[in-house]
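From first to last, the protein sequence lines are chains A and B.
FYI, in my numbering the residues of the first sequence are 15 to 129.
FYI, in my numbering the residues of the second sequence are 391 to 502.
Derived from the structure by calculation, the hints contain no laboratory data.
Computed from a prediction, not measured in an experiment: that's the story for all the values here.
Even glycine gets a Cβ: it sits at the ideal position worked out from N, Cα and C.
Fair warning: there could be bad hints in the mix.
Unchecked claim - Short, incomplete list of chain A residues facing chain B, as computed with Cβ under 10 Å:
# : residue
1 : Leu58
2 : Ala100
3 : Phe104
What the hints assert, rightly or not - Simulated DEER-style distance windows between Cβ atoms:
#  : chain 1 : residue 1 : chain 2 : residue 2 : range
4  : A       : Ser84     : B       : Arg449    : 31 to 41 Å
5  : B       : Arg405    : A       : Gly67     : 42 to 52 Å
6  : A       : Gln16     : B       : Glu442    : 23 to 33 Å
7  : A       : Gly42     : B       : Leu445    : 17 to 27 Å
8  : B       : Asn397    : A       : Ser28     : 14 to 24 Å
9  : A       : Ser28     : B       : Ala443    : 47 to 57 Å
10 : B       : His400    : A       : Gly42     : 21 to 31 Å
11 : B       : Leu445    : A       : Pro129    : 25 to 35 Å
12 : A       : Leu70     : B       : Thr392    : 45 to 55 Å
13 : B       : Gly462    : A       : Pro129    : 24 to 34 Å
14 : B       : Pro398    : A       : Ser53     : 14 to 24 Å
15 : B       : Asn408    : A       : Ala43     : 11 to 21 Å
16 : B       : Phe464    : A       : Leu70     : 37 to 47 Å
17 : A       : Ser84     : B       : Gln407    : 43 to 53 Å
These are the residues of each chain, in order.
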Amino acid sequence: AQSVTQPDIHITVSEGASLELRCNYSYGATPYLFWYVQSPGQGLQLLLKYFSGDTLVQGIKGFEAEFKRSQSSFNLRKPSVHWSDAAEYFCAVGASGGGADGLTFGKGTHLIIQP
Amino acid sequence: DTGVSQNPRHKITKRGQNVTFRCDPISEHNRLYWYRQTLGQGPEFLTYFQNEAQLEKSRLLSDRFSAERPKGSFSTLEIQRTEQGDSAMYLCASSVRDHGYTFGSGTRLTVV
Numbered sequence: 015a016q017s018v019t020q021p022d023i024h025i026t027v028s029e030g031a032s033l034e035l036r037c038n039y040s041y042g043a044t045p046y047l048f049w050y051v052q053s054p055g056q057g058l059q060l061l062l063k064y065f066s067g068d069t070l071v072q073g074i075k076g077f078e079a080e081f082k083r084s085q086s087s088f089n090l091r092k093p094s095v096h097w098s099d100a101a102e103y104f105c106a107v108g109a110s111g112g113g114a115d116g117l118t119f120g121k122g123t124h125l126i127i128q129p
Numbered sequence: 391d392t393g394v395s396q397n398p399r400h401k402i403t404k405r406g407q408n409v410t411f412r413c414d415p416i417s418e419h420n421r422l423y424w425y426r427q428t429l430g431q432g433p434e435f436l437t438y439f440q441n442e443a444q445l446e447k448s449r450l451l452s453d454r455f456s457a458e459r460p461k462g463s464f465s466t467l468e469i470q471r472t473e474q475g476d477s478a479m480y481l482c483a484s485s486v487r488d489h490g491y492t493f494g495s496g497t498r499l500t501v502v
């Protein structure tokens with residue numbers, strides 16, 4: 015069965031500092047990987063996705079993520095965070111970009127931005 | 391393209407009552423999903439429609455839950471005889487194959 019682990023429940027970063035959110039997945043085949051962001055009481059917004067090809071993917075809002083098959087990881091990074099980045103971040107894995115089983119999500123990482 | 395629309399945004403109901411939520415997907419998306427998200431957790435898959443056919447159902451979808459997608463357009467999720475444990479955010483998503491998933495803003499259900 016597929017699974018996603020986000021080892022950090024909370025992360026606190028100073029505004030302007032760099033950010034890395036960790037994601038490890040377990041999946042038996044080539045995974046489709048996603049990062050979503052959720053503000054309080056809101057739905058999920060897609061930041062970026064990896065389907066194939068270049069293992070470094072660029073997303074919206076200045077985020078990027080790197081797929082490392084050997085480490086089963088898909089960590090999210092941003093060089094300089096803004097106060098508006100404070101939110102919940104979810105990593106997810108799927109069998110395809112839009113398949114029958116949907117997505118399996120991690121439990122999320124809550125990002126706090128210090129002034 | 392106005393995205394995935396969910397109604398209502400919030401629903402408070404008494405235990406034992408029935409509730410129904412609606413999801414309007416992106417018009418050209420033939421695939422539709424329902425997820426449930428409880429506090430402090432990631433979303434969990436409930437069920438999947440391809441056009442009007444319900445093709446996958448999670449173990450989480452008890453007999454009190456039923457979902458429909460008549461004519462392959464909008465979808466409804468009904469919960470009968472609600473319990474306090476049903477309190478959660480119910481998220482709808484739609485997709486076309488290999489193009490990713492677009493989520494709605496969700497319906498937050500509170501059972502009192």
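Problem - Pairwise beta carbon distance, His400/B to Gly42/A, judged against the given window 21 to 31 Å - result: At 39 Å between Cβs, range violated.
Problem - C-beta pair Gly42/A, Leu445/B: status relative to the range 17 to 27 Å that was hinted - result: holds (21 Å)
Handout entry: Cβ separation of Ser28/A and Ala443/B, checked against the hinted range 47 to 57 Å
Key = At 50 Å between Cβs, range holds.
Handout entry: Pairwise beta carbon distance, Gly462/B to Pro129/A, judged against the given window 24 to 34 Å
Key = violated (49 Å)
Exercise for the section: Take the C-beta atom of Pro398/B and the C-beta atom of Ser53/A, compute their distance, and say whether it sits inside 14 to 24 Å. Expected result: holds (19 Å)
Practice task
Take the C-beta atom of Arg405/B and the C-beta atom of Gly67/A, compute their distance, and say whether it sits inside 42 to 52 Å.
Solution key: With a Cβ separation near 50 Å, Arg405/B and Gly67/A satisfy 42 to 52 Å, so the hint holds.
Problem - Satisfaction of the Leu58/A interface hint, Cβ to chain B closer than 10 Å - result: Constraint on Leu58/A satisfied, holds at 4 Å.
Exercise for the section: For Ser84/A and Arg449/B, compare the CB-CB distance with the range 31 to 41 Å and indicate the outcome. Expected result: holds (33 Å)
Problem - Leu445/B paired with Pro129/A, Cβ distance criterion 25 to 35 Å - result: violated (48 Å)
Exercise for the section: For the hint on Phe104/A, just tell me whether its beta-carbon gets within less than 10 Å of chain B. Expected result: holds (5 Å)
Exercise for the section: Just tell me: holds or violated, for the beta carbon distance of Ser84/A and Gln407/B against 43 to 53 Å? Expected result: About 52 Å separates the Cβ atoms of Ser84/A and Gln407/B, which means 43 to 53 Å holds.
Handout entry: Range agreement (Cβ of Leu70/A with Cβ of Phe464/B, hint 37 to 47 Å)
Key = holds (38 Å)
Checked against the numbered hints above, the structure breaks hints 2, 8, 10, 11, 12, 13 and 15 and satisfies the rest.
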